[in-house]
Each structure stands twice: as structure tokens, then as C-alpha cells.
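This is what each chain is made of:
2 protein chains.
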Amino acid sequence: MVAADNLRRIDSKTEFDLSIYLKQRKQLCEEALEKSIPVVYPEKIYEAMRYSLLAGGKRLRPILCLATCEMTGGNIEMAIPTACALEMIHTMSLIHDDLPAMDNDDYRRGKLTNHKVYGEDVAILAGDALLTYAFEYIASQTKNVAADRVLRVITHLGRAVGAAGLVGGQIVDLESEGKLDVSIDTLNFIHNHKTAALLEACVVCGAILADASSVDLQRLSRYAQNIGLAFQIVDDILDITATQEELGKTAGKDIAAQKVTYPSIWGLEESRLKAQKLIQEACEELESYGEKANPLIGIANYITARKH
Amino acid sequence: MVAADNLRRIDSKTEFDLSIYLKQRKQLCEEALEKSIPVVYPEKIYEAMRYSLLAGGKRLRPILCLATCEMTGGNIEMAIPTACALEMIHTMSLIHDDLPAMDNDDYRRGKLTNHKVYGEDVAILAGDALLTYAFEYIASQTKNVAADRVLRVITHLGRAVGAAGLVGGQIVDLESEGKLDVSIDTLNFIHNHKTAALLEACVVCGAILADASSVDLQRLSRYAQNIGLAFQIVDDILDITATQEELGKTAGKDIAAQKVTYPSIWGLEESRLKAQKLIQEACEELESYGEKANPLIGIANYITARKH
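Residue numbers (my numbering), protein chains in the order written: chain A, 52 to 359; chain B, 52 to 359.
None of these hints come from the bench; they were simulated from the model.
You may find that some hints are simply not true.
Claimed, not checked - Calculated from the model, a selection of chain A residues having no Cβ within reach of chain B, i.e. all distances over 10 Å:
id: 1; residue: 84
id: 2; residue: 161
id: 3; residue: 235
id: 4; residue: 302
id: 5; residue: 320
id: 6; residue: 323
What the hints assert, rightly or not - Which stretches of chain A does chain B cover? Using the computed rule of at least three CB atoms under 8 Å from a CB of chain B, they are:
id: 7; stretch: 203–210
id: 8; stretch: 221–231
id: 9; stretch: 254–261
id: 10; stretch: 308–317
Said to hold, decoys possible - Below, a list of computed lysine to aspartate or glutamate pairs in the EDC-like style, where the Cα atoms sit at most 16 Å apart:
id: 11; chain 1: B; residue 1: 343; chain 2: B; residue 2: 157
id: 12; chain 1: B; residue 1: 194; chain 2: A; residue 2: 290
id: 13; chain 1: A; residue 1: 95; chain 2: B; residue 2: 228
id: 14; chain 1: B; residue 1: 194; chain 2: B; residue 2: 262
id: 15; chain 1: A; residue 1: 304; chain 2: A; residue 2: 290
id: 16; chain 1: B; residue 1: 95; chain 2: B; residue 2: 172
id: 17; chain 1: A; residue 1: 109; chain 2: A; residue 2: 226
id: 18; chain 1: B; residue 1: 95; chain 2: A; residue 2: 226
id: 19; chain 1: B; residue 1: 310; chain 2: B; residue 2: 226
id: 20; chain 1: A; residue 1: 167; chain 2: A; residue 2: 157
id: 21; chain 1: A; residue 1: 95; chain 2: B; residue 2: 226
id: 22; chain 1: B; residue 1: 304; chain 2: B; residue 2: 157
id: 23; chain 1: A; residue 1: 162; chain 2: A; residue 2: 98
id: 24; chain 1: A; residue 1: 194; chain 2: B; residue 2: 199
id: 25; chain 1: A; residue 1: 230; chain 2: A; residue 2: 305
id: 26; chain 1: B; residue 1: 95; chain 2: A; residue 2: 228
id: 27; chain 1: B; residue 1: 358; chain 2: B; residue 2: 286
id: 28; chain 1: A; residue 1: 358; chain 2: A; residue 2: 286
The beta carbon of each residue, even a glycine, is placed where N, CA and C say it ideally should be.
Could you build the full structure based on these sequences and the hints that come with them?
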């Protein structure tokens, strides 16, 4: 019986085509994002917001939110405003991260960074506006979800983005710059907050919208934290092994900045193994969902396999 | 009867002591703000947030929110998380506004600006964290208010802060810099968005929390837009007439930057008259609330009388 079950799951996994799934979902997200910010007076700020928000990217965060909402019994309609908000927040963090006072990056997703096109002042404001709009968008656009659940989504997302999450991770990252004795605990803190917290929010907010149980939320939180850390390890590996063309951003920056990374501590091969182990453990959290977990399992595996 | 009513109102106005009221309410806000952000690891970001949030100031925004909530039938407890959030957002806008890429100010409220103490990178992140925390704080801390009303508060506040509000005003302000032919319409747009929108949100959000009627919300919105514009006119006047010591920030900046201001268009005396007229019209919106409007009337008059 167990063997038959396993076989059926393997079959269904074969049937599930991740690349078609991702392509369709990405298209859905692009359309929703395109519609989310109309251009009105004063046009410059809306254009600056749209420049970075609509600059492509894999849209993994909104896709994760939609996938989790569906897996736990909700639907796309419920989750699409939160999915868009997650991408707005991710984009805002990239715009501010690229500023001269921060990482001072000229390219992002193969295009000039926001401040290179619009100036630093507008880029700071475009980030502020995207961050604000994300919360406004969830509060005003979410349909067919009880208001108290929407408030829980806003609370969870706020925690993932602010000083207790993404911003806290960036602060420790800045403090660690140029230091050669960064511990693995500090490195984990940085990435658990800078990268994993927002990915966790994508997944957990999708499940909150679908009114998932607290057991579900805990499972999904562990899944997301694992893929978040794996995502960062792979990012560090790609910074060493990929070309600028593949990345769409400056390659080899970590080495140039003498930054402590997972490969610099563990080496490339061990880093790859650790990432795979994290992904495997992430997928084990999803066993009880059966075939419905195919998208989340596929995305987890995609993270270690990606080339950019 | 009308005469007697007027007399009673004048008496009660005499009895209402604005300076005691503002002092007590400021104390209340200081205590709530002090408690709102505990310092945990990574300490630097919380310290940077607290440095600017707890740097004094008149706390007019949170006081307006509390006063309006009470006037329209709510209580302080309902409104205190939103009141704190409004001050967090105001503080965040000052931190980002003072950055070298924006106004490049070294002093604010008589203290070094955030980036002068913590560096530009931390100041950008402290602003982001305060903005995020404001929405999280409203969503997680508001008690005894129906969830759908809390969502309306978040929506209204988001609109007041983002591209359709404060940020939009800042963008037009930046575009107008160095131009000598800025029209009165553009100047009004800037200040209706850069200053009045957040003051309007203070008042309207306080009323939403108290479940005020849409007629009340419209009246209060007009009151707040008027005092917001008056506030800016008085700010422009003070930039010319007050000393740096009185202002706690660099004085005479507008003239040095050849900035078009209300006094530069209307002259000082006409500007004073216009501010007074706006305040008078603002107070007329409050007639139906009787004595309960004393705090809002007092604050409106305080705006034109203030020296810093």
C-alpha cells in the first residue's frame, strides 16, 4: 500500500510540469502587477515604481504565495493582492539595497538600477511608496477573506520585512562587511532574516488567507525557512560560478568585497550538499498534502537547480 | 438662546486649557512611543529607530488622532496604536527627507539627523523599518475595534503616505526645486500631499476607529486639509522670521535654496491672513460637536500662533 502510494506520487510528479506551471503563474503575476499601479500625476514616481516592479524576475515570491493558498484550500483570487504586495516589498528592498549608500549596484535583472535611471532621491521615494502601497493594497484589495485574517497577514508580513526580519538581516549584513571572522551563526542570522523571512511570509500568508490550521502554518513555516536558506546558499554559489550575463547583475561581488559566504566557509561542494539537504527536509514537511504539494515541491527543487 | 449657547461655548473655551491638554497628551504619547519599540538584537537598528522617534517634537499628529477619536465617540485606548503609527510614519518621512540625496540636513529637532549619527545606510533602513512597523503595529495592537475598520484605517493611511499622498508631494517638491515659476496650484499640490495628507489621515483615522459617519469623516477631512495647509504656510513664515534656536533646525533654508514658498508669492502679511482664514474655516466644520471640539479647535488655533 505504501509502495503503491509512493508510485502514484512519483507518477503524478512526473505528470506535473514545473516549467509550464511557473510560466503560467508568472504570466498571471505579471498581469496582476501591471494592473496594480496605474500611472497618474505625478507620473515620475509611478514610472519609477513600475520600472523596478515590472523589470521581470522569476516572481517566485508571489508564485509561492498563490501556490500555498491553493494547497491549503484557498484560491488564487483570495491571494493575488497579497502576492502582488510581496513582489512590491521584494522590489522595494532591491531598490534600497542597490543605493550608493548601501550596495552601490548599477545593474539589477540586466537593467540599470532604479537610482541610475531616476536619481537617488526618487529611488528612495519609489521604495517608500512601494512599501506603503504593499500594505495598502492588501488592506484594500483582498476579497472573500475575513478581515481579521487580512490583519494577521499584514502583521506577519510586517514582522518579516521590518527590524525583526529583512531590515534586521540587512543591518547585521552591513555590520559584518569587511569582517573575516563572521561566524556561521551570524551568517545564518543574516540570511534567515534577509532572505528567508520574506519567503516564509509568502508561504505563511498564503496559508493564513486560506484559513489553514496552526499545525499547517508551522509546517509551512519550516518548509519556507529551509528553502530560504537553500536559496541563499545557491545565490552564494552562483555568485562564484555564474557569469554576469546569466545573473543579470554584477557577478563575483562577494569575492571582490571579501565577503564571508557559505562557500567561503564550507567550500562549493559542501555548500551544494547542504542546500540539497535543506530542500529535502523542506519537502518532507509537505508529505501530508500529497499531490497538492507538487508546486511547492517543484519550486523547492528548482531553487537548487537554478542557474541564475 | 443662540446668544446663551454662544456664551456657554465661549466660557467652556476659556475653561479648556490647551497648554495643559497638549502637555498631558504629549506625555501620554511619549510613554506609548517609548514602549512601542523595545531594543533587542540587532540593537543598532532599534536604537536608530528610537533615536529619531523619541527625539521630542510636538506630537501633534498622534494627539490629533486621539482627540478626533474621542470627539467622535471612541476612546484613547482604541486609537493609541494608530496614534503611535502616525508618529512612526512622520518620523520615517523626516529621516528619509534629511538624507544627503534629499534635503541633506544635519540637524532636526535640535539634534543631529539620523544619518549623521548612524550613517546613511542605517538611516535608510531605520526609515524602512519604522514605515513597516507602523502598519504592523496598527494591525497587531489595535484593540476593541472591528477588524474591517482597522483595515480601512490601514488603507486610508497608506494612501496618505504613498505616491498618492506624502511621497507624491515630495516628488513634485523635488521637481520644483530651483524653479522660480512654480504656480500656486503646484505649491498647493505639494503641501496638500506633503503635509496635509498625513494630518488628514491622523484626524480621519481617529474618526474611522470610532466608527464615525461618512458625514463626520468628510467634515473632519476638510478641517484637517485646512489646518494642514495653514500649518505649511506658518512653516514657510517661520523659516523667514524664526531663528535656528527656535526652530531646532536650520533656518532660512528656503531663501538660501531660492525656493518658492507662500510668503514668496503672497508676502508675509497676506500669508498670515490666509493661514488665519484657513483655520477659521477649519473650526467652522466643527460647530456641530460643541464643547467636545475644544481640543481640535485649540490645536487649529495653536498652529497659527506657534513660534516653532
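* Asked: residue 235(A) clear of chain B by more than 10 Å, beta carbon to beta carbon?
  -> holds (17 Å)
* To do: Below or equal to 16 Å on CA atoms is what counts here, so check residue 194(B) against residue 262(B).
  => holds (14 Å)
* To do: Sort out whether residue 172(B) lies within 16 Å of residue 95(B), counting only the CA atoms.
  => It holds: about 12 Å lies between the C-alpha atoms, which stays within 16 Å.
* **Straight-line alpha-carbon gap residue 162(A) to residue 98(A), limit 16 Å** => holds (15 Å)
* Holds or violated: are the alpha carbons of residue 194(A) and residue 199(B) at most 16 Å from each other? -> holds (12 Å)
* Given the hinted pair residue 109(A) and residue 226(A), is their alpha-carbon gap at most 16 Å? -> violated (29 Å)
* Holds or violated: residue 194(B) with residue 290(A), Cα cutoff 16 Å? -> violated (47 Å)
* Straight-line alpha-carbon gap residue 95(B) to residue 228(A), limit 16 Å -> holds (15 Å)
* Asked: Taken at face value, is the distance from the CA of residue 290(A) to the CA of residue 304(A) at most 16 Å?
  -> holds (7 Å)
* **Restraint status (C-alpha distance of residue 310(B) to residue 226(B) at most 16 Å)** => holds (12 Å)
* Compute the least Cβ-Cβ separation between residue 320(A) and chain B, then decide whether it is above 10 Å. => Given that every Cβ of chain B is farther than 10 Å from that of residue 320(A), nearest at about 32 Å, it holds.
* Asked: With a Cβ-Cβ cutoff of 8 Å, does the stretch 203–210 of chain A contain at least three residues near chain B?
  -> It holds: at least three residues are needed, and the stretch 203–210 of chain A offers 6 whose Cβ sits within less than 8 Å of chain B.
In this structure, the earlier hints numbered 9, 10, 11, 12 and 17 are contradicted, and the remaining ones agree with it.
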